[in-house]
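Colleague: Protein sequence lines, in the order shown, are assigned to chains A and B. FYI, UniProt numbering numbers position 108 of the first sequence as 108, with every residue one higher than the one before it. FYI, UniProt numbering numbers position 305 of the second sequence as 305, with every residue one higher than the one before it.
None of these hints come from the bench; they were simulated from the model. Model, not experiment: these values are computed from the prediction. Hints are not guaranteed to be accurate.
To be verified - In silico contact screen, one side only, chain A against chain B (beta carbon under 7 Å); selected entries:
| no. | residue |
| --- | --- |
| 1 | M1 |
| 2 | I20 |
| 3 | S24 |
| 4 | V26 |
| 5 | G29 |
| 6 | I30 |
| 7 | A35 |
| 8 | A39 |
| 9 | P41 |
| 10 | I49 |
| 11 | D50 |
| 12 | V53 |
| 13 | A95 |
| 14 | L124 |
| 15 | Q132 |
| 16 | E133 |
Said to hold, decoys possible - Simulated DEER-style distance windows between Cβ atoms:
| no. | chain 1 | residue 1 | chain 2 | residue 2 | range |
| --- | --- | --- | --- | --- | --- |
| 17 | A | L118 | B | Q240 | 53 to 63 Å |
| 18 | B | H120 | A | G232 | 30 to 40 Å |
| 19 | A | A103 | B | G299 | 36 to 46 Å |
| 20 | B | P146 | A | T314 | 50 to 60 Å |
| 21 | A | E55 | B | V306 | 48 to 58 Å |
| 22 | A | E55 | B | A103 | 23 to 33 Å |
| 23 | A | L297 | B | R61 | 27 to 37 Å |
| 24 | B | E279 | A | L118 | 42 to 52 Å |
| 25 | B | I302 | A | L118 | 15 to 25 Å |
| 26 | B | V306 | A | L118 | 47 to 57 Å |
| 27 | B | A103 | A | E316 | 23 to 33 Å |
Said to hold, decoys possible - Here are some, though not all, of the chain A residues that point toward chain B, as calculated from beta-carbon distances under 8 Å:
| no. | residue |
| --- | --- |
| 28 | D33 |
| 29 | C34 |
| 30 | L46 |
| 31 | N214 |
All C-beta atoms in this analysis are idealised placements derived from N, C-alpha and C, irrespective of residue type, glycine included.
Protein chains: 2
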Amino acid sequence: MQLQDIGEFNFIDSINSDVINDASTVVTGIGDDCAIYKANPEMEQLVSIDTMVEEIHFSLRYMTPYDVGYRLMTANLSDIAAMGGIPRQVVLSVAAPKALDVAILDEFYKGIKDQCKLHHVNILGGDTVSSQEGIVLTVTIIGEVPRGTAVLRSGARPGDIVGVTNYVGYAATGLGALSYGYDGYDMTILGHQRPDPQIELGQALRMHGVTSMNDISDGLASELHEIAKASGVNIVIDEQIVPLHEETYTLAKSLGTRPVDYALYGGEDFQLVFTAPKELEDTLKKIGQITIIGQVLEGNNIVQMVTKERKIETLEARGYNHFGN
Amino acid sequence: MQLQDIGEFNFIDSINSDVINDASTVVTGIGDDCAIYKANPEMEQLVSIDTMVEEIHFSLRYMTPYDVGYRLMTANLSDIAAMGGIPRQVVLSVAAPKALDVAILDEFYKGIKDQCKLHHVNILGGDTVSSQEGIVLTVTIIGEVPRGTAVLRSGARPGDIVGVTNYVGYAATGLGALSYGYDGYDMTILGHQRPDPQIELGQALRMHGVTSMNDISDGLASELHEIAKASGVNIVIDEQIVPLHEETYTLAKSLGTRPVDYALYGGEDFQLVFTAPKELEDTLKKIGQITIIGQVLEGNNIVQMVTKERKIETLEARGYNHFGN
Chain A
1 MQLQDIGEFN FIDSINSDVI NDASTVVTGI GDDCAIYKAN PEMEQLVSID
51 TMVEEIHFSL RYMTPYDVGY RLMTANLSDI AAMGGIPRQV VLSVAAPKAL
101 DVAILDEFYK GIKDQCKLHH VNILGGDTVS SQEGIVLTVT IIGEVPRGTA
151 VLRSGARPGD IVGVTNYVGY AATGLGALSY GYDGYDMTIL GHQRPDPQIE
201 LGQALRMHGV TSMNDISDGL ASELHEIAKA SGVNIVIDEQ IVPLHEETYT
251 LAKSLGTRPV DYALYGGEDF QLVFTAPKEL EDTLKKIGQI TIIGQVLEGN
301 NIVQMVTKER KIETLEARGY NHFGN
Chain B
1 MQLQDIGEFN FIDSINSDVI NDASTVVTGI GDDCAIYKAN PEMEQLVSID
51 TMVEEIHFSL RYMTPYDVGY RLMTANLSDI AAMGGIPRQV VLSVAAPKAL
101 DVAILDEFYK GIKDQCKLHH VNILGGDTVS SQEGIVLTVT IIGEVPRGTA
151 VLRSGARPGD IVGVTNYVGY AATGLGALSY GYDGYDMTIL GHQRPDPQIE
201 LGQALRMHGV TSMNDISDGL ASELHEIAKA SGVNIVIDEQ IVPLHEETYT
251 LAKSLGTRPV DYALYGGEDF QLVFTAPKEL EDTLKKIGQI TIIGQVLEGN
301 NIVQMVTKER KIETLEARGY NHFGN
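Please take these sequences and the hints and turn them into a complete structure.
Modeller: Listed below in structure tokens is the structure:
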């Protein structure tokens, strides 16, 4: 059955179930001109918008519609995590060709709904329109953070330590293994297909007093540059202690590439990179899933890495740039 | 200059000016993973999302990029108006081909920014991505309304009166005149190109205690059906008192069409249609720009019109349906 067979209004009816995962904040959900929700008066509000375009950000030849929906939500939730916030509400827009099989959209929505359910986030509205060609998915996420505590990119100070959560270069390893058709990369392939946002770690890091934070969507090098630029500092990291998964080492060996490059330029890990006062180092390590990989120096937007050969390598800000050539 | 020449990050920098029109609610604007804003603790929050697709909702052959941006914001602001709310924040997403002339996007943004400025709304974020073909614009708007006072579609009660603001069928008249190349339709052509949301009237109607409200984006017949369905009532209106502009009568005469059909099926007026207790009739008329056109009856989702010939005509819910044939 195609989208044009059921019409816009029936389609909206069909997605209006399993969308409220925390009823305490919802006054009126999908179905009126606006949804109505309650903001916690002790909190400041966070908002972010993300769009994924077919054949630019995803291809249904390589990803299931479920995974596309799941990952779109991950990208949005990760923006809230990067502020140390708590995700609350989303609204979404789908532009799709009239001839699209409704089963594909149902799978998109299932991926979106499952990820929202995992994180107790409500879907409060949607706009469904036809496109001339290709699918364009947009999600706006609204979250909360206690007043005055959101972690910006601009708070890094010389002397701070630099840390990351879990493994970096993980999703890029899975993507690489998939593109070469290699076996034995189950963990990182899953990491590529179904990345998860680090919401709890983001809140824990915020409560412990980290000074700046970013989620790693465009590769570690690019995210470090954003912190360095926003904070007016330099950053230096140590190649030897960047936490890479064993599958990353295996793939790099097979392909003759440098393992750390998957972390620096790979993107879409949705882990967190942060800076914190040096005296927090032991406390932060006790959270678990945290590795300290470098430090913040006086300077102005230079990011460097001490290589295994103990040489200084200056890292470029190159990540994924949607309009670059 | 094309979008690909300046790159995503420079483009975001270039739009990050003239976007804060009410600084009192903004903690951190564009530039981090999320924007941060303050919600008024006395208020409930409203949210809505709208998408416009090139060659589906607009064509740059018939509209200027400025007018497209202006009207997209009108559609969003109108969703807040329809709840009796106060618009506060927007975030927007633009998917556009790499080869798009940057001047066109600048004009889109100018239309969006001017309309936001008029209504003291902040632009708190944006995502700019490349598309394979065509422009897709999405705006999420966040507003506020005093707790428990938002006007839903579901509150119409038998015995209520039905009213509209200003003229209906106005934008459709302008569109019709434009498509035939007729002169002498300056007012309605402007109404088609630069419609405005009825935010102040929406708040006034809310404060006076109207029982249901909708904005007229898909034609009066479709909006009345939405109220009738959500409220579980019938509605009857009187053709003779539907407020039409003189240009609508003139165009209908030229084309041999029925004037009221522009109001019933024309759409994109962004006026408000509402129901209210009968005893409010005189009070509401004193607001000005208000016409009482009918009444609410016991029943279940039947919408009828008493024609000039004093016959009963049952109105279909047909409006613009994005996936219909």
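Colleague: With reference to the structure, classify each hint as holding or not holding.
Modeller: Structure-based check of all given hints:
1. M1: With a minimum Cβ separation of about 11 Å from chain B (threshold 7 Å), the hint on A/M1 is violated.
2. I20: violated, 14 Å
3. S24: violated, 13 Å
4. V26: violated, 10 Å
5. G29: violated, 11 Å
6. I30: Where the cut-off is 7 Å and the nearest Cβ of chain B is about 11 Å from A/I30, the hint is violated.
7. A35: Holds. Min distance 5 Å.
8. A39: holds, 4 Å
9. P41: holds, 3 Å
10. I49: holds, 4 Å
11. D50: holds, 5 Å
12. V53: At about 5 Å, which falls below the 7 Å cut-off, the nearest Cβ of chain B leaves the hint on A/V53 intact, so it holds.
13. A95: For A/A95, the interface hint holds, since the closest Cβ of chain B sits about 5 Å away, which is under 7 Å.
14. L124: OK, holds: A/L124 within 7 Å of chain B, min 6 Å.
15. Q132: holds, 5 Å
16. E133: Constraint on A/E133 satisfied, holds at 5 Å.
17. A/L118 x B/Q240: 53 to 63 Å: holds, 57 Å
18. B/H120 x A/G232: 30 to 40 Å: holds, 32 Å
19. A/A103 x B/G299: 36 to 46 Å: holds, 37 Å
20. B/P146 x A/T314: 50 to 60 Å: The hint (50 to 60 Å, Cβ to Cβ) holds, given that B/P146 and A/T314 are roughly 55 Å apart.
21. A/E55 x B/V306: 48 to 58 Å: 53 Å Cβ-Cβ, so the 48 to 58 Å window holds.
22. A/E55 x B/A103: 23 to 33 Å: holds, 26 Å
23. A/L297 x B/R61: 27 to 37 Å: Between A/L297 and B/R61, where Cβ atoms are some 55 Å apart, the hint is violated.
24. B/E279 x A/L118: 42 to 52 Å: Holds - the Cβ-Cβ distance for B/E279 and A/L118, about 50 Å, lies within 42 to 52 Å.
25. B/I302 x A/L118: 15 to 25 Å: 44 Å Cβ-Cβ, so the 15 to 25 Å window is violated.
26. B/V306 x A/L118: 47 to 57 Å: For A/L118 against B/V306, whose Cβ atoms are near 54 Å apart, the range 47 to 57 Å holds.
27. B/A103 x A/E316: 23 to 33 Å: Holds: the Cβ-Cβ distance is about 30 Å, inside 23 to 33 Å.
28. D33: holds, 4 Å
29. C34: This hint holds: A/C34 lies near chain B, its Cβ roughly 4 Å from the closest one there, short of 8 Å.
30. L46: Hint holds; A/L46 Cβ to chain B Cβ min 4 Å, cut 8 Å.
31. N214: For A/N214, the interface hint holds, since the closest Cβ of chain B sits about 7 Å away, which is under 8 Å.
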